[in-house]
Amino acid sequence: MNHSQIPNQIRELMDVCSSQQMLADDANMEPLRDWMNENPAGMDLWQRLRDFDATIEKTFVTVEIPSGLSDRIRDRIRSATQDNNNHDTDNQERGKSVDRINPAYAMDEELDRQLAAFELEKQPSLISKPSPVQQDESIEKKVDSSNPLVAAPQMFSKKKFSKKKIQKWSIGLVTALSLALIGYGVMHWLGIFDSNVNRLADGHPSDVEAIAWVRNIPAHWNRDLESAPTTDYPTSNDLTVDPVAWQPFETKYDPDAIVYDYTPSGQENTYLFVLNVADKGDLRTSLPTSPRYEASNYSVGQSHDENNHLYVLVVMGNANTYRKRVKPSIGIVYNDSKGSSWVDVSPQMLGVLGDIDNWLNARHPR
Amino acid sequence: MERGDVDKLIELYAGRIYRYSFRLTSNESDAEDVVQQTFLIAHQRIDQLRDPESAFGWLCAIARSCFLKTTRRNRPVAASTMELNVDEVAENADHPDWIEEEQLGNALARLNDEHRLVLAMYYFEQLSYQEIADRLQLKIGTVMSRLARAKSKLRQLLVPIDMSESIEESKTNQ
Chain A
13 MNHSQIPNQI RELMDVCSSQ QMLADDANME PLRDWMNENP AGMDLWQRLR
63 DFDATIEKTF VTVEIPSGLS DRIRDRIRSA TQDNNNHDTD NQERGKSVDR
113 INPAYAMDEE LDRQLAAFEL EKQPSLISKP SPVQQDESIE KKVDSSNPLV
163 AAPQMFSKKK FSKKKIQKWS IGLVTALSLA LIGYGVMHWL GIFDSNVNRL
213 ADGHPSDVEA IAWVRNIPAH WNRDLESAPT TDYPTSNDLT VDPVAWQPFE
263 TKYDPDAIVY DYTPSGQENT YLFVLNVADK GDLRTSLPTS PRYEASNYSV
313 GQSHDENNHL YVLVVMGNAN TYRKRVKPSI GIVYNDSKGS SWVDVSPQML
363 GVLGDIDNWL NARHPR
Chain B
4 MERGDVDKLI ELYAGRIYRY SFRLTSNESD AEDVVQQTFL IAHQRIDQLR
54 DPESAFGWLC AIARSCFLKT TRRNRPVAAS TMELNVDEVA ENADHPDWIE
104 EEQLGNALAR LNDEHRLVLA MYYFEQLSYQ EIADRLQLKI GTVMSRLARA
154 KSKLRQLLVP IDMSESIEES KTNQ
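Protein chains in written order, with the working numbering: chain A, 13 to 378; chain B, 4 to 177.
This is chain A alone, in the form it adopts within the complex (with noise of 0.2 Å):
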């Protein structure tokens, strides 16, 4: 078959479809599944266009940090901030209207683009609730702008500040107010606020993205093996290291999920996440002798059971280290040269790594 005997169309979908499951249900997939029943060696292409995939994504997480750059940020910060100050008490000896915008913050339309998503994403909040007040000014609008006269807004309305008006404010807040410590006071009964908002004040590590993982990670290592909730023990048969303890790995992929501590004394840490979660991709029972993945401080390899076990062996180190903690496969055989097959970019597995990135980050900070 030649090149240019493939249609652009069957190219293009190859390129775009990402994942198993999206060559099996996706509608859009149809002529990719027509044009591959019709030419099976079409399949080990495409499968090898995801070893290309993953190694996209490894460029594109591989890059090397420059140092001091968090405090050249701050700096950077800190020097707009004065900037702005000064500029603001200049203008205000002046006697002139104070420009509180920074070049550098200037509203455009293409920061309001990219962030357009994240607006709408946004919860209800109570605070975005109209106000008494604000139902009123849309009122007025309304009524203004079917007079031609009238339709400019008007920045100041004398009606805004009449004493009707701060009247039904004043009931409103404290009406809010009451209602808020009240509820406050339920809560704290209830001991909500206890590991949530208090572990955050006590200077617990800040990781925003992570605050639910950071909260909810036990300091605490269980080393009553017998205890861990997994009867089907990890794949000990594929590891040199035995399991020293255990402690919950709660997802929300699995809140039952639970991680070994591996590490050898005096050694590398090394981890295996068990998790229950039915998206094993093409990964295979036992664990990969090098890593899958190599991230800036530790490597992963990943299997998968029949019992829709997935185990994740993470440790701390290069793809070396990882190598030695993992014994040669005996009587299975497979080309292990591509071994970027296994990635599956469903969203489950990515949210699972996802969150096994953030326990690491959280315990061995980059």
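Everything labelled a hint here was simulated from the structure, so no lab data went into it. Where a beta carbon is used, it is the ideal one built from N, C-alpha and C, also for glycine. Careful, some of the hints might be misleading.
Which bits of chain A does chain B cover? Going by a derived footprint, with three or more residues having C-beta under 8 Å, they are [stated by the list, open to error]:
1. 62-68
2. 81-89
Calculated lysine-lysine pairs in the DSSO-like style (CA-CA distance at most 27 Å, straight line) [claimed, not checked]:
3. B/K11 to A/K264
4. B/K11 to B/K72
5. A/K70 to B/K11
6. A/K336 to A/K70
7. A/K264 to A/K70
8. B/K72 to B/K142
Looking from chain A toward chain B, a few residues come up when the C-beta cut is under 10 Å (computed) [claimed, not checked]:
9. L25
10. T71
11. I77
12. S308
Please arrange chain B on chain A, whose structure you already have, making use of the hints.
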């Protein structure tokens, strides 16, 4: 969130946003500039971030905006980065065994901004095609097509071997 929280965002995400910016700009000093600008804007607009869990995506969106502004202001389109004619592309390099990350990084740097952006959103931000389409105000088909062209161009830059060889090779192996 409040302004004091920006410090936490810097602590957590400065590195990741730098990686993102570096892959977008392909240049260390531009990347650092984009990162600094991103957190400067984040500092100003932090009150708009209500859901801490979306902080990373929010910062990426700001970085993307900074990158696009820089691009439009500074960069003429080089002849080597003109839109690719898919029919002229030699499909290849689908096998990553021998591809060095550095080599791939260099190839990424040679793509045009449009292609790099869509690859970064897909591979780094892990956005779906639909999400990319929404963020860039494009049709989903355009996003898919752009991504396919970007990957195709990458393969072309990596090795000039015809894809047909891969297929023939697979047939022989079977």
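Against the structure, the hints come out as follows:
1. 62-68: holds (count 6)
2. 81-89: holds (count 7)
3. B/K11 to A/K264: Distance of about 24 Å is within 27 Å: holds.
4. B/K11 to B/K72: holds, 26 Å
5. A/K70 to B/K11: holds, 26 Å
6. A/K336 to A/K70: holds, 22 Å
7. A/K264 to A/K70: Distance ~25 Å between A/K264 and A/K70 Cα, so the pair holds.
8. B/K72 to B/K142: Distance ~22 Å between B/K72 and B/K142 Cα, so the pair holds.
9. L25: It holds, given that the least Cβ distance between A/L25 and chain B is near 8 Å, below 10 Å.
10. T71: Given a least distance of 5 Å, the restraint on A/T71 holds.
11. I77: Where the cut-off is 10 Å and the nearest Cβ of chain B is about 4 Å from A/I77, the hint holds.
12. S308: Hint holds; A/S308 Cβ to chain B Cβ min 8 Å, cut 10 Å.
Figure legend: structure checked against the earlier numbered hints; every hint is met.
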